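Asks: Kindly generate the complete structure, drawing on both the sequences and the hints.
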Amino acid sequence: MKRVDQFPSHELNGIKYRAGKTMPFGATVLDDNTVNFSIYSKHSTRCNLVLYHLGEAKPFVEISIPDEFRIGSVYAVMVFGLDWENTEYGYRFDGPYNLSEGHCFDKTKIVLDPYAKMVSGRDEWHTRTYKKKSYQFRGRIIRDDYDWDGDRPLGTPMKDLVIYELHVRGFTKDKSSKVKHKGTFAGVIEKIPYLKELGINCIEFMPLFEFEEFFPALDDVPTNYWGYSTVNYFSPKTAYASYGKMGLAVDEMKNMVKQLHKNGIEVILDIVFNHTAEYGDGGEYLSFRGVDNKTYYLMNDDGTYSNYSACGNTMNCNNPIVRSFIVDSLRYWVSEFHIDGFRIDEAPIFARGQDGQPMVSPPLVESLKNDPVLSDTKLISEGWDAAGFSTIGQFPTGWADWNPRMRDTLKRFAKGMAEAGPELITSLEGSPDMFGVSGPASSVNYVNSHDGFTLYDTVAYNHAHNEGNAFTSPMDHEFDNCSWNCGVEGETDDLEVITLRRRQIKNIMTLLMLSRGVPMFWAGDEFGNTQYGNNNAFSSDSTVSWLDWNRLKEYEDVFHYVKSLIAFRKAHPVIRKGDYFNGHNSMNYPEVSWHGTSAWEFDRFSPFLTFGFMYSEPVKEFETEEDCFIYCAYNSHWEEHSFELPIIPEGMNWRIDMYSADEKFKSKGKETKGTVTLMPRSSMILIGKR
Amino acid sequence: MLNITKNANGSNLTIGLEGRLDTTTAPELEGEVKELLPEVTDLVLDLEKLEYISSAGLRVLLSTQKVMNTKGTMLVKNSREELKEIFKVTGFADILTIE
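Going down the list, the sequences are from chains A and B. Quick note: the first sequence, position 249, residue 249 per this note's numbering, numbers continuous. Numbers given in this note's numbering equal positions in the second sequence, counted from 1, plus 1000.
Keep in mind the hints are simulated off the structure, nothing from the lab. Predicted, not measured: the structure shown is a model, and the values here were computed from it. It is possible that some hints are incorrect.
Straight-line distance between alpha carbons at most 27 angstroms, and here's what the computed DSS-like set of lysine-lysine pairs gives [unchecked claim]:
(1) B:LYS1084 <-> A:LYS191
(2) A:LYS42 <-> A:LYS21
(3) A:LYS670 <-> A:LYS570
(4) B:LYS1084 <-> A:LYS262
(5) B:LYS1088 <-> A:LYS245
(6) A:LYS2 <-> B:LYS1034
(7) A:LYS178 <-> B:LYS1088
(8) A:LYS180 <-> B:LYS1088
(9) A:LYS196 <-> B:LYS1034
Sample of chain A residues lacking proximity to chain B, with all beta carbon distances greater than 10 angstroms (derived) [as the list claims (entries may be wrong)]:
(10) PRO153
(11) GLY155
(12) ASN255
(13) GLU478
(14) GLY487
Under 7 angstroms between C-beta atoms, here's a sample of chain B residues computed to sit facing chain A [said to hold, decoys possible]:
(15) SER1011
(16) THR1024
(17) SER1055
(18) ALA1056
(19) ILE1086
(20) VAL1089
(21) GLY1091
Think of the CB as a built atom: it goes at the ideal place given N, C-alpha and C, for glycine as much as any other residue.
Replies: Quick look at the structure:
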């Protein structure tokens, strides 16, 4: 039976329309190719809906939305008989232009609906579908009726995750990836067997909402490769789809999530709400600036854009409208794309008020964790913004943080800085001083991410080599890479240096995987991928950033070691424990204990270069197959050292499980008593069992 | 434009599609299918001459498959390579029976 509220009341150029439904925002397909359009704009005086046939420069109709179609601050119009798959849409707003009051309406501009569910304009990577300065990013209309076949977010406990950060394009764009659909969602699917072998169970995707690959202030050659330049918060990046031009980006991304879930791999998205691709003063009119600038952006009294993000503008995240907008976006990704979690870029901006100042109890932060749809969704904060505001460990329980202290202190210790030792111990414990209330699972432990060197470059370069970047940044010279090149800067034929680098990678990954908290590493670090010393490859759409899969063969022993470490972590729940308990357990040993080269003798508060730590893992507490001790000896000194093994109950014996200096894994399973001797800069894991 | 050909043999039906299957033509195919399916137990969709399929077009195939799953079989055959890839990257290949 036809609904009584779906009969046209107006007509223009043969297009029939009527007052629309105020909610939901965005373009919603109703029966019989009717589409409801709804958009918020508080400060505008007029709003036109502009409709284009797909790919055409000029619109086929522009409907001036009558005043009687507006309720509150929402314009809504229902349009009949639309070939909606082949339609693009936008809005033209009129209103005040007075930047000191935050307004900059421009009726000559057509702008993108912030709630558009798919966007055209960059259908192919780094290619303009439409002319520069024209209406470039256009809304497209979809129906969210994907067949999930029983899938939903996996719900893996945070403490059990092993997170793998990757860039959709860079992961498989290089020909060495040998996938069919290079640099796309489908390319990621083709690599699932590899990811399963590696053992990770969560991917954190670098930005994949529709973003701008061009830098507005530069010519069109440099590429904003990373994608921290969001155009729209409800649309997947069309150029990451194999058939994006055919409007299949949504289906393709959903399929990627579904296939990853089928294989036990969760999906976390790196989201960038702190700023947008419209940048700051004099920036482009793409969407928010033209819809309602004052609502969406933090402005200074002098009419300039506040810039806490160091990217030109700052989203007004705690404006009630924007707060709802952000919650709506996250709900959408969780409910329609089955996303398991989010990593919030420059998250302290979620805690800035409408005056830009830090808030005591930021409502956005509170509401996200208590939202009915998002209550089980992982929320990970990058707890610092570009203006020096840090919120690490300060967001409510349930939030996690990227842990930069772990990142730096582990690298410093590994390169031989004894003074980093005491801080390292606290970090390996899961940083109770930072996350004491919420527990180790709030600490995302990482050593390398997209920011900074790859792990290989951490052991191959002392200095950044960013000569090919689009512009200079503090990362070039001021950033402390905490790296050491093992004696030679960059590539070398020196076998001794090459061997040491491999060992250092294994050492660092050993501590990462044996630490309490949630380990994360950068795609390719498991096989020595290099960015040739570039520590800020944001604009490198080239072999600098693309994974070189040939190195997987070259660094086979490193890959095998990392794979084994991940399997080891997954096999031992004591490492993944979700609390800071460190009393004696049912084996009558401390759950985690710290040792020097002599067992039980260790001053964790003074600088050191050698240490051991031991977990005790009783069946009773951890429901494993047998009681077990895990001992890790770490020699960061440039000289050989012997480590006395802790005495374990009679009948139990120590066996070597992994040794970073043993490239052939020949020592695995070797029974050992009394002491073990470690080469300079090496680490060893032993298992104590009956 | 979409040309639809039908070849029925008892409860077996082969539908041939030629041209474009998108929002404008999908309702036409949907209508045909709705009318014919009650009598059909084995359906073949011959896509040899199908040049283009959109998201809406994919959904007509999928909903037809779901109906046929309750009463018989449906086979998609003679798809061009690009169509097969589209089925694969969108995940529809897991749901459709493709020859």
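Asks: All hints are to be evaluated individually against the structure, with a verdict given for each.
Replies: A quick look at each hint next to the structure:
Of the pairs offered as hints, the one joining LYS1084 of chain B and LYS191 of chain A holds, with about 19 angstroms between alpha carbons and a cut-off of 27 angstroms not exceeded. Proposed proximity of LYS42 of chain A and LYS21 of chain A is supported: the alpha carbons are some 17 angstroms apart, at most 27 angstroms. At roughly 22 angstroms between alpha-carbon atoms, LYS670 of chain A and LYS570 of chain A fall within 27 angstroms of each other, so this suggested pair holds. Proximity of LYS1084 of chain B to LYS262 of chain A is assessed by CA-CA distance (about 21 angstroms); at most 27 angstroms being required, the pair is judged to hold.
For the hint pairing LYS1088 of chain B with LYS245 of chain A, the CA-to-CA distance comes to about 16 angstroms; that is within 27 angstroms, so the pair holds. For the suggested pair LYS2 of chain A and LYS1034 of chain B, the alpha carbons sit about 19 angstroms apart, so the restraint of at most 27 angstroms is met. Distance hint between LYS178 of chain A and LYS1088 of chain B is fulfilled; the C-alpha atoms sit about 17 angstroms from each other, no more than 27 angstroms. For the hint linking LYS180 of chain A to LYS1088 of chain B, the alpha-carbon distance of about 12 angstroms falls within 27 angstroms, and the restraint holds.
Under the criterion of a C-alpha separation no larger than 27 angstroms, the hint pairing LYS196 of chain A with LYS1034 of chain B is inconsistent with the structure, at around 43 angstroms. For PRO153 of chain A, the condition that its CB be more than 10 angstroms from all CB atoms of chain B holds, with the nearest at approximately 17 angstroms. Every CB of chain B lies more than 10 angstroms from the CB of GLY155 of chain A, the least distance being 21 angstroms, so the non-interface label holds. The Cβ of ASN255 of chain A sits about 3 angstroms from the closest Cβ of chain B, inside the 10 angstroms cut-off, so the non-interface label is violated.
At roughly 43 angstroms from the closest C-beta of chain B, the C-beta of GLU478 of chain A stays outside 10 angstroms, upholding its exclusion from the interface. Consistency note on GLY487 of chain A: stated as away from chain B, and its beta-carbon is indeed over 10 angstroms from all of that chain's, at 46 angstroms minimum. Taking 7 angstroms as the C-beta contact cut-off toward chain A, the hint placing SER1011 of chain B at the interface is violated, the least distance being around 26 angstroms. Taking 7 angstroms as the C-beta contact cut-off toward chain A, the hint placing THR1024 of chain B at the interface holds, the least distance being around 5 angstroms.
Given the 7 angstroms rule on beta carbons, the hint for SER1055 of chain B holds: about 5 angstroms separates it from the nearest Cβ of chain A. Interface hint at ALA1056 of chain B: satisfied, since its Cβ lies 5 angstroms from the closest Cβ of chain A, which is below the 7 angstroms cut-off. The interface hint given for ILE1086 of chain B holds, since its Cβ lies 6 angstroms from the closest Cβ of chain A, which is under the 7 angstroms cut-off. Given hint, VAL1089 of chain B at the interface with chain A, holds; its Cβ is 4 angstroms from that chain's nearest Cβ, closer than 7 angstroms.
A cut of 7 angstroms between beta carbons decides the hint on GLY1091 of chain B: the least distance to chain A is about 3 angstroms, and the hint holds.
Of the hints listed earlier, those the structure fails to meet are numbers 9, 12, 15, in rising order.
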